[in-house]
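Generate coordinates for the entire structure from the input sequences, incorporating the hints supplied.
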Amino acid sequence: MMFEHDDKRFDEWLQDAARDYHRPPETPRDAMWARIALERQRRGERRVIELRPWVRWTLAAAAVLALGIGIGRWTAHPETTDSAGGSDVVYQVAATQYLSRTEAFLTDFRADLRAGRTDARLAGQARDLLTTTRLMLDSPAADDPHRRALLEDLELVLVQISQLDAGRGGARDADLITQGMDQRNVLPKLRSAIPSGPMPVRTEGAL
Amino acid sequence: MDERDLINRVRAGDGVAERALYDAHVDRVYRLAYRLAGDDGLAQEFTQETFIRVFERLDTFRGDSALSTWLYAITTSVVLNGLRKVKRFRQREADLDDAHGVGLARREAEPDLKIRLRRAIDALPEGYRTVFVMHDVEGYTHEEIGAALGVETGTSKAQLSRARAKLREALADFAGEWVS
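The listed protein sequences derive, respectively, from chains A and B. If you read the first sequence in numbering that gives the first Met the number 0, its first letter stands for residue 0, the second for the next number, and so on. If you read the second sequence in numbering that gives the first Met the number 0, its first letter stands for residue 0, the second for the next number, and so on.
Derived by calculation from the structure, the hints in this document are not laboratory data. Glycine is no exception: its CB is placed at the ideal position from the N, C-alpha and C atoms. Certain hints may be false.
[What the hints assert, rightly or not] A few chain B residues facing chain A, derived, Cβ under 10 Å:
1) Gly37
2) Arg56
3) Leu57
4) Phe88
5) Ile120
Have a look at this one:
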């Protein structure tokens with residue numbers, strides 16, 4: 000009985016004391032509403048936008064991934080391994096194309112920063128690549144733990160770039176992103192994950 | 000305006016109704032996000048993503064439950080998935096720091112009870128911590144928690160009980176504070 004009494008006291012004390020746990024400040028309603036409206040507008044625009052080169056590449060990579068899933072399912076025979084090998088190759092091609100595009104984008108991003116340019120185009124391109132990154136993370140291309148770790152790093156970098164606001168502290172935020180990339184060796188790891196040679200050579204013989 | 004009218008107006012693209020829906024729920028969403036994340040930037044990001052999804056998916060809301068129930072299910076999904084990503088990222092950074100021998104020295108245990116309590120709550124398993132924060136800190140009912148997390152009410156109660164037991168154990172050396 001004594002213990003039960005103590006438990007009840009503890010629960011009462013706990014509920015009172017825990018009110019200070021991560022006590023939130025006043026809700027920044029208007030600031031969040033403005034960002035929600037902006038983001039919804041951007042996402043809406045993306046749905047009707049013409050096929051820019053980056054969008055085309057994203058759609059192409061997504062299509063190759065979908066093709067891989069289709070081949071995998073269509074040719075799936077538990078007693079053989081050939082069909083699994085076939086879809087693996089398709090994922091491999093999609094991953095190589097995606098990693099090459101991302102490397103090109105991040106290299107451009109750094110070059111733009113050095114030249115003092117941070118514009119809304121970067122955020123748009125990052126969002127397009129982010130879509131493919133998430134598709135990759137949900138595909139067998141991410142089964143390899145090293146590639147998964149790289150994809151998760153890229154996802155975080157792309158999320159940060161996609162939220163860059165060129166007008167409000169964009170340059171400082173961009174510097175922080177590049178510092179983070181350097182600390183985690185994102186670009187060297189990305190480059191080492193891509194087979195050497197130009198794009199046709201990287202995927203040569205795969206299909 | 001009742002909830003059904005509000006939903007119908009939002010579905011029809013009425014901007015004033017969208018803002019009214021946002022105003023009606025944003026405090027609880029932001030508070031829960033902040034309590035779970037412990038970081039204003041993350042809490043704002045999770046709140047924004049929650050409402051973007053709410054507006055995108057409102058057509059799929061069937062009205063079987065209260066709008067708030069559906070909305071808190073989206074909130075917990077966004078927050079918990081977001082926190083898992085942040086945790087994985089921070090863990091890898093910590094591993095990297097350890098590998099390079101530049102990790103910060105572990106701080107000595109703080110004697111202050113509230114700091115110990117905060118750390119003990121932070122250290123709870125995700126399911127226990129979520130239920131504890133929702134129920135004991137933010138005042139959600141077990142029915143609301145069950146609906147938001149997709150678990151039975153009994154599971155919510157059991158997890159709260161285990162969370163409290165773990166906290167009691169973690170704070171055992173401060174027993175006099177609540178017994179007296």
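A quick look at each hint next to the structure:
The criterion of a C-beta within 10 Å of any C-beta in chain A is met by Gly37(B), whose closest approach is roughly 4 Å, and the hint holds. The beta carbon of Arg56(B) is not positioned within 10 Å of any beta carbon in chain A (closest approach about 12 Å), and the interface hint is therefore violated. Taking 10 Å as the C-beta contact cut-off toward chain A, the hint placing Leu57(B) at the interface is violated, the least distance being around 12 Å. Given hint, Phe88(B) at the interface with chain A, holds; its Cβ is 6 Å from that chain's nearest Cβ, closer than 10 Å.
Taking 10 Å as the C-beta cut-off, the interface hint given for Ile120(B) holds, the closest approach to chain A being about 6 Å.
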